[in-house]
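A.B. asks: I would like the entire structure built from these sequences, with the hints used as guidance.
Line by line, the protein sequences are chains Y and L. The first sequence begins at 18 in my numbering and counts up by one. The second sequence begins at 18 in my numbering and counts up by one.
Bear in mind the hints are in silico, worked out from the structure with no lab data behind them. Keep in mind it's a predicted model, so treat the numbers as computed, not measured. Where hints are given, some of them may not hold.
[Said to hold, decoys possible] Calculated cross-link-like contacts (lysine-lysine; reagent style BS3-like; alpha-carbon spacing at most 27 Å):
id: 1; chain 1: L; residue 1: K209; chain 2: Y; residue 2: K133
id: 2; chain 1: L; residue 1: K293; chain 2: Y; residue 2: K281
id: 3; chain 1: Y; residue 1: K207; chain 2: Y; residue 2: K220
id: 4; chain 1: Y; residue 1: K63; chain 2: Y; residue 2: K52
id: 5; chain 1: L; residue 1: K295; chain 2: Y; residue 2: K296
id: 6; chain 1: Y; residue 1: K271; chain 2: L; residue 2: K264
id: 7; chain 1: L; residue 1: K213; chain 2: Y; residue 2: K213
id: 8; chain 1: L; residue 1: K48; chain 2: L; residue 2: K295
There are 2 protein chains.
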Amino acid sequence: MADKDIVISIDAMGGDKSPKIVIEGMALAAKSNPKVKFLVFGDSAKVAPLLQKFPELDKVCELRHAPEMVHNEDKPSSVIRNRNTSMFMAIDAVRRGEAQAVVSAGNTGALMAISKLTLRTINKIHRPAIVSIMPHLYGRYVMMDLGANTECDSVNLCEFAFMGEILARRALGIERPRVALLNIGSEEMKGKEEIKQAAQMIKNSHVDMNFIGYVEPHDIQNGVADVVVADGFTGNIALKSIEGTAKQLVKMFKDAVKNSFLAKIGLLFMLPALFKIKKIMDPRLYNGAMFIGLNGLSVKSHGGADAFSFSKSIENAVHLVEQDFIPTIRQEVDKVDFDELQAVMYDY
Amino acid sequence: MADKDIVISIDAMGGDKSPKIVIEGMALAAKSNPKVKFLVFGDSAKVAPLLQKFPELDKVCELRHAPEMVHNEDKPSSVIRNRNTSMFMAIDAVRRGEAQAVVSAGNTGALMAISKLTLRTINKIHRPAIVSIMPHLYGRYVMMDLGANTECDSVNLCEFAFMGEILARRALGIERPRVALLNIGSEEMKGKEEIKQAAQMIKNSHVDMNFIGYVEPHDIQNGVADVVVADGFTGNIALKSIEGTAKQLVKMFKDAVKNSFLAKIGLLFMLPALFKIKKIMDPRLYNGAMFIGLNGLSVKSHGGADAFSFSKSIENAVHLVEQDFIPTIRQEVDKVDFDELQAVMYDY
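C.D. replies: Below, the structure is given as structure tokens:
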């Protein structure tokens with residue numbers, strides 16, 4: 018493989034419909050990203066015939082046999098001890114420098130555990146976070162943590178804010194992203210202690226960041242912040258509430274149309290307008306949660322992703338590699354004076 | 018006022034457009050609830066002329082002058098010391114037994130503080146909770162706590178579950194409501210310590226409840242639970258995420274129609290079907306958060322409510338009075354063996 022190519026490592030066995038949709042997703046991503054090459058890890062007896070169906074993709078792939086795979090019910094504590102799974106081997110290729118990022122649709126807990134063990138957290142960062150890019154009414158925003166850290170202290174929240182800010186610059190191309198802590202009120206006295214403390218720490222630190230204070234969940238959609246920071250429990254609750262409500266409304270709309278002849282006619286007239294909404298809101302566009310805070314990029318596709326959706330995970334990874342995300346975050350975090358933050362914490 | 022009448026105490030000065038929409042809301046509620054009488058507290062110079070506009074309503078109202086009112090920016094610590102506000106007087110009428118419930122669109126923190134001080138928590142209950150009734154795809158569910166208690170321990174969560182179960186029976190008429198704790202996974206090991214502990218406590222207690230374990234936010238909409246229990250921070254985050262997403266989708270739909278001539282034609286055909294959705298999802302239908310766990314019923318209307326929306330808050334209150342909610346919850350909670358719960362907690 019040439020020196021300047023982007024190489025993405027793929028766990029071909031992760032997800033509900035693997036390896037089929039994984040390979041189909043790669044084929045889609047390869048078409049729109051001609052500079053990308055793939056290192057593919059999986060059961061070669063199953064993966065090789067699928068690759069042969071896509072000769073153009075096959076040319077940019079190197080398939081390596083993985084004798085085992087991680088299952089959905091596997092515990093993180095056990096998967097980290099098995100170096101023969103497609104997931105472990107795919108992540109390890111990033112550690113060895115053979116690939117710049119790994120994409121898997123497998124078990125989230127396992128992917129995080131192996132990524133942490135193998136890639137290690139960046140110097141000064143205590144915990145990696147799971148991040149997604151999501152749509153608001155006027156663009157996109159970065160949302161984190163989505164579940165890696167159920168309980169967080171104020172230092173963790175600050176670290177997430179710093180990392181999320183860098184991600185928003187690199188992934189969304191926003192020069193000075195507005196960073197906010199997710200809270201249940203906008204007044205300073207509202208919310209949990211660790212959130213209030215984190216706000217103080219960021220304000221008092223010398224980190225040059227456009228910190229705008231608190232954001233409430235119903236204001237996110239109005240595009241008031243580019244980076245929304247929460248602990249993993251709260252972020253996961255918000256994310257799943259948003260997803261659930263969107264699905265509920267779409268289902269109600271579909272059912273209403275299905276049960277009305279008039280509405281079916283109306284739908285025909287409305288299709289172009291609805292298509293525009295779909296082009297913004299389609300959850301498949303936002304597939305690919307990024308694990309950040311590690312010395313390498315791990316991207317987690319939804320387990321039930323289809324080929325289009327999986328291709329978006331790959332494109333997320335490719336884009337961040339092109340943007341030098343990992344070298345940037347390592348350099349910038351290195352400059353942050355974390356002792357200063359701690360001092361604020363003990364003063365509080 | 019006759020003995021068997023339902024008397025609702027009204028804070029006429031609470032909310033953004035008071036007293037105008039309060040009186041208009043009362044007029045709407047009075048029409049559909051002929052058995053209801055009102056005790057109205059407010060600035061009589063402002064309220065009396067409004068009441069005269071609705072002679073039918075005026076007949077069932079007793080107006081009492083309140084020289085002062087609670088403002089949005091007032092702190093709970095200060096409002097509890099002023100007995101001359103319309104809010105304080107309205108709540109106090111419930112304590113004195115002159116009314117069976119109070120409805121206010123004023124400052125939530127103030128309403129909770131005065132309600133707690135005046136009505137007191139039910140014997141054995143540590144903290145009251147804020148509860149709303151919300152729509153899922155196949156009906157309605159009870160969601161709590163929505164923000165009264167930012168931090169909760171496992172005992173608080175258990176108490177919320179017991180109270181929510183009683184409310185679901187009385188308010189929704191469900192014989193054996195399915196009660197769930199809001200969490201980020203359905204497996205037993207997922208989530209925060211206090212949630213896992215509360216689940217154990219409920220399971221090991223002798224309280225006869227249809228406890229179904231954990232529910233994730235995106236499953237709420239599928240109607241898997243009738244009572245969803247969370248601490249006030251988590252519940253508030255979920256509620257506002259749901260509201261924000263629904264508003265975002267509605268706005269996108271409206272904008273899409275506004276910008277397309279074809280879509281406008283389509284909308285005409287679709288109106289009856291969309292009207293059906295509105296009849297289920299209209300947030301005004303769900304106005305009126307109930308404070309439960311007190312020796313009297315306080316209902317909080319949204320501060321920006323319109324008259325229709327405010328009338329729904331009144332109807333929530335009336336319905337719970339008709340269903341003997343307060344005597345029921347006091348009796349049933351009295352039977353719960355809370356020492357048993359505590360024992361489980363210390364065993365954990």
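A.B. asks: Confirm or reject each hint.
C.D. replies: Hint by hint, here is what the structure shows:
{"no.": "1", "hint": "L:K209 / Y:K133", "verdict": "22 Å, holds"}
{"no.": "2", "hint": "L:K293 / Y:K281", "verdict": "15 Å, holds"}
{"no.": "3", "hint": "Y:K207 / Y:K220", "verdict": "16 Å, holds"}
{"no.": "4", "hint": "Y:K63 / Y:K52", "verdict": "26 Å, holds"}
{"no.": "5", "hint": "L:K295 / Y:K296", "verdict": "24 Å, holds"}
{"no.": "6", "hint": "Y:K271 / L:K264", "verdict": "18 Å, holds"}
{"no.": "7", "hint": "L:K213 / Y:K213", "verdict": "26 Å, holds"}
{"no.": "8", "hint": "L:K48 / L:K295", "verdict": "23 Å, holds"}
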